[in-house]
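Take these sequences, add in the hints, and give me the full structure.
First to last, the protein sequences are chains A and B.
Counting in the numbering used here, the first sequence runs from 1 upward without gaps.
Counting in the numbering used here, the second sequence runs from 1 upward without gaps.
Treat the hints as calculated values from the structure; they're not laboratory data.
Honestly, I wouldn't trust all of these hints.
[As the list claims (entries may be wrong)] Sample of chain B residues with no beta-carbon within 12 Å of chain A, all distances over it, derived:
#1 Gln53
#2 Pro59
#3 Lys65
#4 Pro74
#5 Ile214
[What the hints assert, rightly or not] In the EDC-like style, the derived pairs of lysine to aspartate or glutamate whose C-alpha atoms are separated by at most 20 Å in a straight line are:
#6 Lys323/A - Glu269/B
#7 Lys195/B - Asp175/B
#8 Lys117/A - Glu100/A
#9 Lys139/A - Asp162/A
#10 Lys323/A - Glu276/B
#11 Lys65/B - Glu45/B
Ideal Cβ placement from N, Cα and C applies to all residues, glycine included.
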Amino acid sequence: MTTTDTVSAAAPPADPPPQPLTTRDGIPLKVSLMRALRREKMRAMLLIAPLLLFILLTFAAPIADMLFRSVENGIVSNTLPRTVEALADWDETSGEAPGEPVFAALHADLLIATEKKTHTRLGSRLNYEASGMSSLFRKTGRRAGRMDEAEPFKAQFIDIDDKWGEIDTWQVLKTFSPPLTSGYFLNAVDMELTPGGIEMKPESERVYLFLFARTLFLSLTIMGCCLLLGYPVAYLLAALPARTSNLLMILVLLPFWTSLLVRTSAWKVLLQQQGVINDFLVWTGIVSDAGRLVMINNQTGTIIAMTHILLPFMILPLYSVMKTISPSYVRAAKSLGATDWTAFWRVYFPQTVPGIGAGSILVFILSIGYYITPELVGGTSGIFISNRIAYHISSSLNWGLAAALGVLLLAAVLLLFYVYDKIVGIDNVKLG
Amino acid sequence: MSALPSYASAGQRAWYYGFRTICGMIFFFLIFPILIIVPLSFNAENFFTFTPQMLALDPAGYSLKHYEDFFTNPDWQQALRNSFAIAPAATLLATVLGTLAAIGLSQSHVPWRSAIMAVLISPMIVPLIISAAGMYFFYSRIGLQGTYLGVVLAHAALGTPFVIITVTATLVGFDRSLVRAAASLGANPVTTFFKVQMPLIVPGVVSGALFAFITSFDEVVVVLFLGSAGQKTLPWQMFTGLREQISPTILAVASLMVAISIALLTVLELLRRRSERLRGLTPS
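Below is the structure:
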């Protein structure tokens, strides 16, 4: 700011020739202003930098790592480098198993691998693609050291296990020898990489497309339920006088602020067959004691609990849009002869569409990636794709597949968020 | 809608009361599951429903034994301690970094502003299971998986978007000429920040910190993957309790947590009013 002050002092109005404006110390004004602007930018960037760096290191890097893991496949070429090299000359469509040089290379590789104990890991990796590979590598690894180096290796390997003589085994090995693979992604959409190209998996082994479809279906159902329940409440809150609506707002905000696990445990307790709701229904005689409803560990449980958990996320954006709609529009419509319904449907409702869009996308984004609630109340029929991701990370240890599924889910969420940003704007996110 | 006019027809009257009944039922759906666990947590039996004695309001049907279990059981106590060791550290980190960044972002000339904002907000957008998966892979590579530091860093990253959003919202109403006035009176930037800017944006900072705290305190997915037994937090203990053998102690814990959320909600509401008053608006 000092620059502008000094400019007026340095440039007397009586000066006729159009000299470039300078500050008092003789620096052209343009340069000085640029410098001030640069300083301001630097200061802003210095304030932002620590957090940006922090987020990049603790959050963005892990996400990037996951992207990398979903295609990474260095394990075959790292464990069996010579074999991979020798296999390059083998024609997998020839209908014959590879020749002696490949087996000699395999022997050399396995000797090193068994010493480092990496052959079992390779076995379990290849087992994701073709079953039986894990035991094949374990078995061969045990005996690799006792082979007779003077005899041909091919016969000795086939002697250990017939699989070494089968083309299928070698085809899998060759297909997955490049350092990057699309195998995990194909697996994630129920396809597989075969020597003949990309094919759909056999009907009985397809799981993920179905699971994606179910995630989509359940999320849409939950979104619909939230809209159905949220719209009237938001409407009432926007129409009531501020004092009453603020009081009622507590009923929306308290669940919003209550721990997710508290709400999930409440539903787990309520929906049980021996729980409060069933007891009440039996007491009133709506259902018989023997016919208690099964409302938990299935899709019903997931839908009820998640609708309850996500409802505030629908009500709050709807409310903030409805609050801005002037009541005089509806009054004008009525004074022109519209019935209550026409006034609502033709005049009021179209103005709430942005709120419906914002709330629906928000609820949909949140529900599509939900893990905890479906895990606890969803049983087997009410789980989402995220539960499968968690399963592959902690139980089956197929991290590549978990990463590929995660990347697909992330892509869907980011796409939706882009739409949300276009409709609502990221800066308009309000809390509480 | 706000009041029924005296000339309303019978149909309008029926709709008016019918609509309110429907809304009443939805409010009931929202609040009932949270309130019902409080009386259930005083059950003298190990049941998850009201015993006949409880319904008859017989004092013998009620007891504090589940609360006693919570306060004496070493597993729960360890989880409580872990939660209170992780959440404040994550909150502090998130609040300091987030506040600085929000102030930086509110300056008038910030290059690539929207791109930076998108990166900084991303922990809030990315589904937790994906953040957890990515962090698990990456942190086990660099040896942070299963450590206290790893969990704190992860929770701080998840909490920062909330701090940025709340502080940015307060800064929208901040008059920049106050900073200029302080500078022209000879205050250096640090003094200006602490004496002029900070007192005015403090409600935003505090509510951001509360959001960050509750994010860490409630978080279970990330800690489930990143933590080891030594970082078992309260939500984690609840999660395993719910998945394996569900014990009524969970209801006592849940009731205590409802009390915490009521306290938090009150603090936030008071802060919001204070902030609006400072900005010259009449609190509604």
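Here's how the hints hold up against the structure:
A cut-off of 12 Å between C-beta atoms confirms that Gln53/B is not in contact with chain A; the least separation is 14 Å. Pro59/B, annotated as away from the interface, keeps every beta carbon of chain A farther than 12 Å; the closest lies near 21 Å. With a closest Cβ-Cβ approach of about 17 Å to chain A, Lys65/B is found to remain outside the 12 Å limit, as its non-interface label requires. Distance check for Pro74/B against chain A: the nearest CB is about 20 Å away, which clears 12 Å, and the non-interface claim stands.
The beta carbon of Ile214/B is not kept farther than 12 Å from every beta carbon of chain A, the shortest such distance being approximately 7 Å. About 19 Å separates the Cα atoms of Lys323/A and Glu269/B, which keeps this hinted pair within 20 Å; it holds. Proximity of Lys195/B to Asp175/B is assessed by CA-CA distance (about 14 Å); at most 20 Å being required, the pair is judged to hold. A distance of roughly 25 Å separates the Cα atoms of Lys117/A and Glu100/A; the hinted pair therefore is violated under the 20 Å criterion.
The suggested pairing of Lys139/A with Asp162/A holds, with an alpha-carbon distance near 12 Å, which does not exceed 20 Å. Distance restraint check for Lys323/A and Glu276/B: the Cα-Cα separation of roughly 18 Å lies within the 20 Å cut-off, and the hinted pair is therefore satisfied. Note on Lys65/B and Glu45/B: the hinted pairing holds, with a Cα-Cα distance of about 9 Å set against a maximum of 20 Å.
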